[in-house]
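A.B. asks: Sequence:
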Amino acid sequence: MDAAGEEGGMTYGEVVDYFNSLQDPPAQERIDCIIPYLISLLPAPFVPAPPDAASADDSEDDHFSFTSSDDDSAAEDARSFPSLPPGDGEEDHISRLADDLLSEIISRLSTKEAARTMALSTRWRRVWAKTSLLVDDAHLRDADNEVSLVRAISRCVDAHPGPVRAARITHVAFYHHEYALRRLVASLADKNVEDLILFNRPWPLNMPLPDDIFRCAYLRRLYLGAWMFPEVAAAAFVNLLELGLFHCIIPDRDFDALLSLCSKLEVLSLAMSYNCPSRLRIKSPSLRAAVEWMSSLDEIVVDGAPCLERLLLHHAIPVAERTPIKIVSAPRLEVLGILDLQLHELQIGGTTIRPGMWMFVKSSAKLPSLKILAVKVCLAIEREIKLLMMLLKCFPHLETLHIKVVVVLVHASIPPCASPEIANCADVWESLGSCECLKSHLKTVSIQGFHTERYEVLCLKYLILEGEVLETVAFFCEDKVCFAAKDDEAAEIELMFPKNLVQDRWSFQSAIDLSLDDPFFYTVES
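Each step along the sequence shown adds one to the number in the UniProt record's numbering, with nothing skipped, and position 375 is 375.
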C-alpha cells in the first residue's frame, strides 16, 4: 500500500501523521514500546534463550562464530576445533548412542549450542546437518551489533542443508538490511521452513515484506509483525494452520485473498491493526478460531465459516460509533467475547441486537450453538442491563457467562456510583423475567471487577435466583475471588450458591489455544 492508501481505510500517511501528532512520548519511542508488547504475545520459543545471552562468556569458543566475515562456511570454522576426548579415561557413552537420539539432543539445544556440536567430531557434524534446523536470533544476541546479528542469522541458515524446523527472528530492524532480508526469506523458503516468526523493528512502519514469503509452502505456523504485505500470490500457504498478523499493513482485498488461499487454516489472529485491513471478514471453510486483539476495525463479519468455534475480542479501541459484529453464518460457534456493550454492536442473522426488543427474539436472531459468553457491561445503565438480558435470550443454550463490570464514574474524585436514571434499579431486574438458558443450561457465572455496589449485587442476585441449574458462581473484588459482600442482600446470596473457585486466565495465548475448554477462566473445585 502506498502513501495514498486504500479507499475506506486508514492510509499509511494517516497512521504516520497520527503517531507524529501524539505528545510525549514521541512516535519512535511509542513504536519502540509497541513492538516489545507484541513480541510478548507470541507463542513461547521451542528452546528458551540463554539467561544472559548478550553477555555470555565465549572466551573458550572464539574460533567458532556465525558472525565471521570470512567466506568459509560455519562447518569449516568448526573444523578448527580438536575432537574432545573422553575425560580421565572414562568411556564416551554419548557417542555410542544412535544418530536419531543424538539428533534429538541437538534439537533441544539453542541455535548456537547446536551448531557448536559440529566441533566435537565428524559424526556430530553429520548429525547436526541431518537435524532440522532451529534458528532463534535471541540465541545469537551476543553478536557485537545488529550487522553481526543479521550476518549470524544468514550464515546459520546458509550453513545448514535443511529443512528448517523453525525460525524466530524478532530483534532486527530490517530497514537497514533489505538485501539480507530478501536473501533470508528466499533461503527459508528453499529449505522448507515449517514454523516462522518474523518481526521487523520499525520505523518506518511500511517496511515491505519480500514476495518470497509466499514460496514458504511448508509453513504450518506463521507470525508476522510490523510489515507491509506484498500483493498476495495466486498460491499461498496451502499447509498453514495458524496465522498471526501483528501491526501489519494489508489492504482488505489482499487480506480476503490471503484468507481464501489458506485452505487448512485453523487459527487466525489480528493484533494492533489500525484500519488496514479496515474490516475482519471471516470466510473460511476450515477456520476454528479468530482473534482480534487491540485493533481498530470498521466491522467484523462472520459469513461462511462452517467450522468457526471461537470469536475472541480484546480491548477494542474507543471509536465514535460502535463497531458492528455481524454473525451471518457460524453454525458451530461456541465461544464469544469479550463483547463490550459500549463499543460493539452485535448482529445475528441480519438482526441488530438492541435493548428495545428484549421482550421477543425471533429464531433467526438466536445462536443455539453458543456455550460460553464473556461480556463487558455497565450494570448501572438500564440500556446495558436490558441488552445483557437480550444476549441471554439470543443464546438459549449458554452454559457459561463471564461478566466484566464497567464502573461508572461521575467525577474522578467521586467513588463508583449508579447511573442517576436508575438509582432504584431493582424494578429493572424484576421486570426482566427469565429465559431458556437460565432455566435449563447456565451452569457457571463469574463477575469480574465486583465492587459490591447495590446495582452489582442486584445483578448477582438475579442470576442466582433465576439460574435453575447454576453450579458455580464467583465474583472478583480487587483481584480476589470473593463469596461475601457488605450488605445483607449479599450475605444472603453468599449462602445460596456453591463455592467453586473460578480463576482468570484470559490472555492472548489462551485465546489461540484450542485445547482449552474456556479461554477466559477455569474452575477449581473447592
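Because the hints were derived from the structure by calculation, they are not lab data. Glycine included, every Cβ here is placed at the ideal spot set by N, Cα and C. Hints may contain errors.
[As the list claims (entries may be wrong)] Cut-off 20 Å, straight-line C-alpha distance, at most; resulting in silico cross-link-like pairs (EDC-like, lysine to aspartate or glutamate):
no.	residue 1	residue 2
1	K191	E146
2	K439	E453
3	K366	E384
4	K443	D518
5	K264	D298
6	K326	D252
[Stated by the list, open to error] Distance ranges between label pairs, derived from CB positions:
no.	residue 1	residue 2	range
7	D17	A257	22 to 30 Å
8	G350	H176	46 to 54 Å
9	L465	G350	31 to 39 Å
10	A186	D99	28 to 36 Å
11	E178	E436	58 to 66 Å
12	S40	D99	31 to 39 Å
13	S369	D99	44 to 52 Å
14	K283	S95	27 to 35 Å
15	Q503	P324	41 to 49 Å
A.B. asks: Does the Cβ-Cβ separation between G350 and H176 fall within 46 to 54 Å?
C.D. replies: holds (51 Å)
A.B. asks: Can you tell me whether the CB distance of L465 to G350 sits inside 31 to 39 Å?
C.D. replies: holds (34 Å)
A.B. asks: Would the hint linking K264 and D298 be met if the CA-CA limit is 20 Å?
C.D. replies: violated (27 Å)
A.B. asks: Given the hint of 27 to 35 Å, is the C-beta distance from K283 to S95 inside that range or not?
C.D. replies: violated (55 Å)
A.B. asks: CA of K443 to CA of D518, is that 20 Å or under?
C.D. replies: holds (13 Å)
A.B. asks: Given the proposed pairing of K191 with E146, does the C-alpha separation stay at or below 20 Å?
C.D. replies: violated (24 Å)
A.B. asks: Given the hint of 28 to 36 Å, is the C-beta distance from A186 to D99 inside that range or not?
C.D. replies: Check passed, 30 Å falls within 28 to 36 Å.
A.B. asks: Can you tell me whether the CB distance of E178 to E436 sits inside 58 to 66 Å?
C.D. replies: holds (59 Å)
A.B. asks: Is the Cα-Cα distance between K366 and E384 20 Å or less?
C.D. replies: Roughly 19 Å between the alpha carbons, so the hint for K366 and E384 holds.
A.B. asks: Need the status of pair K326, D252: alpha-carbon distance at most 20 Å?
C.D. replies: holds (17 Å)
A.B. asks: Looking only at beta-carbon atoms, does the pair S40, D99 fall within the given range of 31 to 39 Å?
C.D. replies: holds (38 Å)
A.B. asks: Are D17 and A257 spaced within 22 to 30 Å by their CB atoms?
C.D. replies: holds (28 Å)
Violated hints for the displayed structure, listed by number in ascending order: 1, 2, 5, 14, 15.
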